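Undergrad: Whenever a hint applies, use it, and build me the whole structure from the sequences.
As given, the protein sequences belong to chains C and R, one line each in that order. Throughout the first sequence, residue numbering follows this note's numbering, covering 181 to 650 in sequence. Throughout the second sequence, residue numbering follows this note's numbering, covering 5 to 507 in sequence.
It is possible that part of the hints are untrue.
Subject to a maximum C-alpha distance of 30 Å in a straight line, what follows is the list of computed BS3-like cross-link-like pairs (lysine-lysine) [said to hold, decoys possible]:
{"#": "1", "chain 1": "C", "residue 1": "Lys575", "chain 2": "C", "residue 2": "Lys301"}
{"#": "2", "chain 1": "R", "residue 1": "Lys94", "chain 2": "C", "residue 2": "Lys608"}
{"#": "3", "chain 1": "R", "residue 1": "Lys431", "chain 2": "C", "residue 2": "Lys633"}
{"#": "4", "chain 1": "R", "residue 1": "Lys268", "chain 2": "C", "residue 2": "Lys633"}
{"#": "5", "chain 1": "C", "residue 1": "Lys646", "chain 2": "R", "residue 2": "Lys335"}
{"#": "6", "chain 1": "R", "residue 1": "Lys94", "chain 2": "C", "residue 2": "Lys646"}
{"#": "7", "chain 1": "R", "residue 1": "Lys431", "chain 2": "R", "residue 2": "Lys335"}
{"#": "8", "chain 1": "R", "residue 1": "Lys94", "chain 2": "R", "residue 2": "Lys268"}
Stretch-level coverage of chain R by chain C, calculated; a stretch enters the list once three of its residues show a Cβ under 8 Å from a Cβ in chain C [as the list claims (entries may be wrong)]:
{"#": "9", "segment": "400 to 407"}
{"#": "10", "segment": "435 to 442"}
Quick list of simulated restraints, FRET-style, between CB atoms [said to hold, decoys possible]:
{"#": "11", "chain 1": "C", "residue 1": "Ile338", "chain 2": "R", "residue 2": "Met465", "range": "41 to 49 Å"}
{"#": "12", "chain 1": "C", "residue 1": "Arg391", "chain 2": "R", "residue 2": "Glu171", "range": "37 to 45 Å"}
{"#": "13", "chain 1": "R", "residue 1": "Glu171", "chain 2": "C", "residue 2": "Gln349", "range": "41 to 49 Å"}
{"#": "14", "chain 1": "C", "residue 1": "Arg644", "chain 2": "R", "residue 2": "Thr378", "range": "55 to 63 Å"}
{"#": "15", "chain 1": "R", "residue 1": "Ala162", "chain 2": "C", "residue 2": "Val259", "range": "46 to 54 Å"}
These are computed hints drawn from the structure, not numbers from a lab. Treat the numbers as computed from the prediction; the structure is a model and nothing was measured. Just so it is clear, CB atoms sit at the ideal spot from N, CA and C, and this is done for glycine as well.
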Amino acid sequence: MSNQDKKKKVLSRRDFLKTIGVAGVATTGLSACVGGGKDGTLTVSAGEIPTDRMTYRTNPTSGDKVSLLGFGMMRLPSVGGRSAREGNEEIDQEMVNELVDYAIAHGVNYFDTSPAYCRGKSERATGIALSRHPRDKYFIATKLSNFSPATWSREASIAMYRNSLKELQVDYLDYLLLHGVGMGGGMEEFENRYMKNGILDFLLEEREAGRIRNLGFSYHGDVRVFDYLLSRHDEYKWDFVQIQLNYLDWKYAKQINPMNTDAEYLYGELEKRGIPAVIMEPLLGGRLSNVPSTIVARLKQREPEMSVASWAFRFAGSLPGVHTVLSGMTRMEHLQNNLRTYALLKPLTEDDFKFLQDTATQMMQFNTIPCNDCKYCMPCPYGLDIPAILLHYNKCLNEGNIPDSTQDENYRKARQAFLVGYDRSVPKLRQASRCIGCNQCSVHCPQRINIPKELHRIDAYVERLKQEIG
Amino acid sequence: MLRKIRLILAVLFFIAVTALFLDFTGTIHAWLGWTAKVQFLPALLAMNAGVVVALVLLTLLVGRVYCSVICPLGVFQDIVSWISGRRKKKRYRFDYSPEKKWLRYGVLGLFIIALVAGIDSFVALLAPYSSYGRIASNLFAPVYRLGNNLLAYFAERADSYAFYETEVWMKSLPTFIIAAITFVVLVILAWRNGRTYCNTICPVGTVLGFFSRFSLFRPVLDAEKCKNCSLCSRRCKAACIDYKNHRIDYSRCVACMDCIDTCKHGAIGFRMRKKTLDEQAEKSAIHKDDKNQIDNARRSFLTATAVVATTAALKAQEKKVDGGLAIIEDKKILVRATPIVPPGAWSARHFAQHCTACQLCVSACPNNVLRPSTDLQKLMQPEMSYERGYCRPECTRCSDVCPAGAIRPIAIEEKSSTRIGHAVWIKKNCIPLTDGVECGNCARHCPSGAILMVPSDNDDMNSVRIPVVNAERCIGCGACENLCPARPFSAIYVEGHPVHSVM
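TA: Next up, the structure:
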């Protein structure tokens, strides 16, 4: 099937807006019931965050009422770290508990983790935080991860699954996902990982037995795997599918990287089959909140009191087929900001939608590297801090500190900002100059960035800056 | 008045020279670099005839003003002595003592012998400017840098790029210990007796003292006005005023003018001497020739057979979970058969002959390449090593700052075509062979394109590629060694050239 054909099947923009309209009505109606109908006061002013206004979506198969804001446990805070998520620091369990308590108090009930997150420590931290609450107050989603071929055998996979139950301190899982299908070796890797060892059959049995209430998969990369799994929906009866969706990837995912697929297509395929979509990377790891100043001005001009990030969350949340939108909230501010957006969602209007698509078009002019700081590439065996390097580069791009030539007006200032900031963000021994190009990282990148190529490009740029004192 | 002028100039000079050792940004050198270049011994070793003649003439004109104003070690002692004098009843704590000729000239003799024989560590140990340089770079600079790092810490939080963090590290333990001992000894001597060091040990002091005996202007004690109150003697930190005989030992007088202000009877004045200078000028010329006669054939370098120890290279860890940082082992300092000296040094011999081990280049090196040698023969003289950084192509900082002509000024283009060493490949450390992955980080960063990647198996063009060095193009900058992923010993390292060559 060619891409052209696929595109035809995707719902047109008009359809999208129609569905948005319906979703808007539905959520407003729902909130009216929940919130006691306060004369349609939809915007919540900064400061107070209502505890009773969370927007919920209902799972068609299980009837679960899931909060539109899902808590992603991949970006958990760590102790003493500057970015709250430093290299080898331990998870700040106290902070995790605080965040989880706050989230639950404000109506969040979906928590998404994996055996691989946070150097393999996320599940335990999640289990500790959640076990302090009644089991019927939350839904747990975890995954059968696939980073190392050593975990691909049937025995190792089952052991991983059982360990998840143990770490999470539960006897059943609400949501289980085949982790990142389509990554690395594409179709072949998928078959080796989940089919040939009979693991998918095992999971189907577990669902039958009620220990897995919902079975789905998260998808990145090779679209053939996505299409294949959906083509067998009648057989597997996917309860949900997790995809990457945001206003930049809606129409530009393929343009950013030809190996990726536009979210518009992915969402359309799910919607057609009535499969609830769980959304990951609604904010692209912060890239849609930390945007160039011109974009900030543009968004703020339209809605001065709304955060930049809220646009991204409203975009994902406005789609009616979206079950929940995951956000990896490292800090309380993140959580509060997202609660403000979803404690009474203000759905996008037709105009808003067009506005965001135009915004995406403008953002495409900045050649930021599509790194979302998921750290799947880490640890680099040669000690590099890959995401920190890419993020620093993006930050400088956004701030206009990537001078083209020594003739640039602000060359000296931009050069100082780039080089000094580089040493601050990345220790010297973990900088791009240390990349040997072994390429062990790229296969793990959900965004399919050619990491060594980007690192070598940045290194060459740094070298140029160092030599051209200007 | 004269004293005040002296004080102001001395403080300015002292701050300027100290700033040279503290500044790591390279900005101050452009303005104040000359304050290091007018130091006597460095100028002598740099064969900077202009400066040496000017200093000698200055001394012949007004005495040892050099020791009171220009020499940072002298001013440093004055500061210590001044603090000591501010204690109760310690203002007039000095006393006249006769000159210790045997010690002064004995030390000077040894110094000249060491200089000629090429016992550089001894020369460096006695040279006053070098002693101060060591104190400043080993004791003051780390404090200054830590202070800077504190500012950088706050700047980072304020999102300002005005300050950036610098590395503070122990560059050489022996040099640090020597600097610390020099510091302690000098503080004790100056605290108790003022200029003891300058008038008994310092070879520059002895040489200039020789000239200052004949200086045109000098403090003169007028016997007729003198009431033998002894105040001047007790105030003289050089212990050179014999008030009983109304004589001043001009070889030890550092022309500080303290006595002039001290005398309540106006008996001491800074006046012109009456004798002609012909005789002295002749003598000084002879002496200078003496000093300039530096033996060219000084020494052959001890070429120690270095054992390049190797251990298992860092094994790539298998990735199972996301996040985290691999632990990075420190690179170990390896023993090089031939030490590497910076571009501009021309040759190891030229370098050793001129370097006074003042540590100015070590302080200035922004890439953490230069550090004092621990080899006894040239203890404290800098040498290069690449565990912490490499000699970056855009930098000529050491050649800009060297006051002694050990590292001659070199242009960037000239530097990038000067071979100071050559890279040597160590097969058993090389990552493509130990880990089976593509690497080529050395080739990618070689500024002169001297490293090529070739298949490791001659019969298999697709085999993993390894670096080979085109020694003709290699300049020995150490980018390959520093950026090699093999740890703790790199799979490629630089061996120095005793004599540099130009491509």
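Undergrad: Each of the hints needs a verdict: does it hold here or not?
TA: These are the hints, each one checked on the structure:
1. About 29 Å separates the Cα atoms of Lys575(C) and Lys301(C), which keeps this hinted pair within 30 Å; it holds.
2. For a cut-off of 30 Å, the pair hint linking Lys94(R) to Lys608(C) is broken: about 52 Å separates their Cα positions.
3. Between the alpha carbons of Lys431(R) and Lys633(C) the distance comes to roughly 26 Å, so the proposed pair stays at or under 30 Å and holds.
4. Note on Lys268(R) and Lys633(C): the hinted pairing is violated, with a Cα-Cα distance of about 81 Å set against a maximum of 30 Å.
5. Between Lys646(C) and Lys335(R) the alpha-carbon distance is near 24 Å, which keeps this suggested pair within the 30 Å criterion.
6. A hinted pair counts as satisfied when its Cα atoms are at most 30 Å apart, and Lys94(R) with Lys646(C) does not qualify at roughly 55 Å.
7. Only pairs whose Cα atoms come within 30 Å are accepted, and Lys431(R) paired with Lys335(R) is accepted, the gap being roughly 17 Å.
8. Taking the CA atoms of Lys94(R) and Lys268(R), the gap is near 19 Å; set against the 30 Å cutoff, the hint holds.
9. Note: the segment 400 to 407 of chain R has 0 residues with beta-carbon separation from chain C under 8 Å; the three-residue rule is not met and the coverage is violated.
10. Given a C-beta distance limit of less than 8 Å, the hint that chain C covers the segment 435 to 442 of chain R holds, as 4 residues qualify and 3 suffice.
11. Look at Ile338(C) against Met465(R): about 44 Å separates their beta carbons, and that is inside 41 to 49 Å.
12. The hinted range of 37 to 45 Å is not satisfied by Arg391(C) and Glu171(R), whose Cβ atoms lie roughly 55 Å apart.
13. Restraint check, Glu171(R) to Gln349(C): a C-beta distance of roughly 46 Å satisfies the suggested window 41 to 49 Å.
14. For the pair Arg644(C) and Thr378(R), the supplied restraint of 55 to 63 Å is violated, since their beta-carbon distance comes to about 37 Å.
15. Take Ala162(R) and Val259(C): their Cβ atoms lie about 24 Å apart, and the range 46 to 54 Å is violated.
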